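Given the coordinates of chain A, work out where chain B should sit on it, guided by the hints.
Next come the chains, spelled out residue by residue.
Number of protein chains: 2
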Amino acid sequence: MPSFGNILLSHKGFKKVMKLSNFGEKFGSSTGIQILMDDIGDALNSGQDIIMMGGGNPASIASVEAVFKARIERLASEPKLFSQMLGSYDPPQGNSSFISDLASLLRRRLGWQVSARNIALTNGSQAGFFMLFNLFAGTFKDGSKRQIQLPLAPEYIGYADAGLGADFFTAAHPQIDNLDDREFKYRVRFDDLKVGADTGAICVSRPTNPTGNVITDEEVEHLDALAQANDVPLIIDGAYGLPFPGLIFTQATPFWNPNTIVCLSLSKLGLPSARMGIVVANEEVIQALSRTNAIINLASGNFGALLAQDLVSTGAIIDLSQQVVKPYYIERLDFTKRILNREMDSQIPWHMHKPEGTMFAWLWFKDLPISSQTLYERLKARNVIVVSGHHFFMGIQDDWRHSHECIRINYAAQSPERIEQGLKIIAEEVRKAYLG
Amino acid sequence: MPSFGNILLSHKGFKKVMKLSNFGEKFGSSTGIQILMDDIGDALNSGQDIIMMGGGNPASIASVEAVFKARIERLASEPKLFSQMLGSYDPPQGNSSFISDLASLLRRRLGWQVSARNIALTNGSQAGFFMLFNLFAGTFKDGSKRQIQLPLAPEYIGYADAGLGADFFTAAHPQIDNLDDREFKYRVRFDDLKVGADTGAICVSRPTNPTGNVITDEEVEHLDALAQANDVPLIIDGAYGLPFPGLIFTQATPFWNPNTIVCLSLSKLGLPSARMGIVVANEEVIQALSRTNAIINLASGNFGALLAQDLVSTGAIIDLSQQVVKPYYIERLDFTKRILNREMDSQIPWHMHKPEGTMFAWLWFKDLPISSQTLYERLKARNVIVVSGHHFFMGIQDDWRHSHECIRINYAAQSPERIEQGLKIIAEEVRKAYLG
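Sequences listed follow chains A and B, in order.
Residue numbering for the first sequence follows the numbering used here, starting at 1 and increasing by one per position.
Residue numbering for the second sequence follows the numbering used here, starting at 1 and increasing by one per position.
Only chain A is shown next, with the shape it has when bound in the complex (with noise of 0.2 Å):
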């Protein structure tokens, strides 16, 4: 990522005199993710009319916001709760009463067998795949090393640096299948997929960031199976999945057993500040992430759990997610495909991942003759803002063409005006790369 790389080099004013550690060397320097966060803050912070496609902020729902409202006046009226909304810290597990309401949510809904002792809370998804990703791989005493296996990329890029080691991640290719109306699906290429002693964990999204695709519950049970074969955890990134936020579009069911870890978030409910990821686990894994906790962070932030409590214990926040959150994403999907399709030069070989959830379209454009990231300059030059397709390919060993043919546009965080002209820009941009 070089542009990245001098651009942030250059704003920052960046010069490098310290003597880092090895952690220091790989976590101090300038990652995708970095950059990605440093666009949005800078955008965000620009005095520039900058069309933001390329974060993860969700959409602000009013009727969504008024729930929350109503619930941090009655928190800010009950002394009680007032006072350990500001100055208790909670157990490294997470908020006690949050995670017991939680798990009888799950019982009650989704008939998994989980009880207080199979949930913890972290600040943020991102911080409890940190922690996992390291419990499960890396360097184990015996001096073997194991990965995360990625049944199929591109998947999320906030995994791509959170390794502590070196060749932290392998990935499958995905099969891509083409269906009607320029849609694609990406498959799960089970021959492609070695999961074996090298292996320390399974982990995918569903659905799946960037993409939008959900993988289906075959595969969903075929990983499962595989992983318990192996004798190690499948994760499940569920950070726009289910239960809750619910934005998922197609048939799918909630997975989980003992054997897998289902990571859930209220960032995508329309809570990101709040930075609140959940962790469904066997009680084991829930207590060395919990240990861990307590070392990196001593205690997670209980903003999260007091503003949701009521939503969770009432069940509400399904309801929620199903009634108003799911039909707002749809509603601007279908407005962005329409969009799309009207904007796109029908000559130009351009599909889009099935969106069968996330609120992000994946742009396939085929024998495109610039690198994705040449094209996200090019916009970026034109104040829009998407995210380059080739970072979400980690753990992929090949230099595969279509890494580099993808970018991931996010279609919920601004109005729809906004997101027409952006559309616009990108179609202009697009037809200018192919016909010159």
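Wrong hints could be hidden among the right ones.
Copies of the same chain look alike in the list, so a pair counts if it fits in one copy or across any two.
[What the hints assert, rightly or not] In silico lysine-lysine, BS3-like type, Cα no more than 25 Å apart, as pairs: (1) Lys145 - Lys26; (2) Lys194 - Lys19; (3) Lys185 - Lys366; (4) Lys337 - Lys366.
What the hints contain is simulated information worked out from the structure, not anything from laboratory work.
Quick caveat, the model's predicted, so the values are computed rather than measured.
Using the frame of chain A, we list chain B on its own:
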């Protein structure tokens, strides 16, 4: 810590069947701080009438809570601020507007030459220390190893497990100055302090948790000179210190220069739930830290920043600290000293570290016939929780007898009546230990 460990193992039903990495073996296992936090959580959640003098929970001060209540009501009533409080990811460096206001406060009130590029926010101080320590110590590219040098033990228990590698800390023994009125004071033994090629950074808390010691201005200047001469940063942990929450009861000058990393927090002002750590350092350190934070946490929560923004922009945070928070703790300290002097058997060689800051009394029982850990257990059996002093001597290589003769008491997290009750029980158990 065998007995702690057993309690933990039995009540959590832990069975170690997972294959954990070296990271997992270290971080997912039972550690001092995890046990401390578990005890806090368990005590708060148990039906027992526990006198909790163990944790670092700040006092709930009504007039401080009133300030934050008014602020929350304002946030809830201003749609733009409210949307931001729920629905935006801050940049990895932290909330930009809070950072600017804080930089300008530090310039204005302390004369520190800092800009917004010199400040980063983390999800609590603990997360900041995890990142900082591992950026500067551990294994380096050339295979060499560097340690975090603690100028004197005892030091903050939360540091103990934060290193990714083994032998992460080294500490110098303190000089013990005997003062009047059963008081003593630790001083840095510069002759026992080895800063050299294997030092990654020097770190000291000021005031010191657990002792309430405040290293003198001369000691700080000496440490700064050592750090600069060896080209390593001096980290000053001001979680209880200056300019806020101001829990320093003697003369001490706030210290910062571009080779110094000052860590601050909103926790002891009364906002532990908000998990807000603040790091003030040169631009290179802030950039490396922000990048690390992006990978590990994506973004920090902004609840604390929004809550305290007004206090920081007006400077009221310093006045509130000096005029409300500090006097509150001094009153509690005076009460504690009075009860201790009344309740402790005068025949017993008990001493208290000169209470120059924090919210802790550090009691030293010279030649105590039982270990401080056994004393902890006997107190726990009587529903009084303190912390055994031996946890705070990480980095001390020998089995120094003094390290098993001390306990830390939080004298402010409970009502005076409860503290009095707890101190009576402590006095009884200590008497029994000495005199049978």
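We went through each hint and held it up to the structure:
no.	hint	result
1	Lys145 - Lys26	both (18 Å within a copy, 16 Å between copies)
2	Lys194 - Lys19	between (38 Å within a copy, 19 Å between copies)
3	Lys185 - Lys366	within (14 Å within a copy, 72 Å between copies)
4	Lys337 - Lys366	within (18 Å within a copy, 76 Å between copies)
In this structure, none of the earlier numbered hints is contradicted; all agree with it.
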